[in-house]
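Each protein sequence line maps, in turn, to chains Z and X.
Numbering-wise (our numbering), the first sequence opens with residue 1 and increments by one.
Numbering-wise (our numbering), the second sequence opens with residue 1 and increments by one.
Because the hints were derived from the structure by calculation, they are not lab data.
Do not take every clue at face value.
Copies of the same chain are indistinguishable here, so a pair counts whether it falls within one copy or spans any two.
[As the list claims (entries may be wrong)] Straight-line Cα separation of at most 35 Å, DSBU-like style, residue types lysine-lysine; simulated pairs:
| hint | residue 1 | residue 2 |
| --- | --- | --- |
| 1 | K3 | K25 |
| 2 | K25 | K43 |
| 3 | K25 | K7 |
Number of protein chains: 2
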Amino acid sequence: MAKYTVKIEVRFKPGVLDPQGETIKHALFNLGYDNVESVKTGKLFWVELESNTVENAIQTVRQLADKLLANPVIEDFEVVSRK
Amino acid sequence: MAKYTVKIEVRFKPGVLDPQGETIKHALFNLGYDNVESVKTGKLFWVELESNTVENAIQTVRQLADKLLANPVIEDFEVVSRK
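Bound-form chain Z, shown alone (with noise of 0.2 Å):
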């Protein structure tokens, strides 16, 4: 069994509203920032697990994302790099 660190990043469908991106967006207008056009949010994991192989560690990491720390109504998740 070996450790590895798999990142994931979560973020919207597309057409799903980021209320969260929209009032950044209308704080930065506020502070000056009139050149933003747009703010939109994700989120990051690192999940760090023993497993026999990678593969492994990337298909559990995917099961734990998709039942946990995504949601799959409006949200898309993808494995972005493991070590």
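Knowing the structure of chain Z, use the given hints to seat chain X on it.
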């Protein structure tokens, strides 16, 4: 003026507690994922803005990340991509 999208990754500085990550780790343990050793969380932002050069776009986004997107006491941020 052209339109750029700058992507920023915000993460806790080393040694800063991540209670959300701890909670996720415990939830995963209760779901049967007893091989997960730690979970760390972070934030992602995609800022779309008008700028004359990509260098200026990145400089602006670095400024606003420092002011609004990251808490410099406990968080680091990094510009991870732009297009």
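Verification of the hints:
1. K3 x K25: The answer is between: 16 Å across copies meets 35 Å, while 39 Å in one copy does not.
2. K25 x K43: both (18 Å within a copy, 16 Å between copies)
3. K25 x K7: Classified as both; 27 Å inside a copy, 14 Å across copies.
Taken one by one, the earlier hints all hold for this structure without exception.
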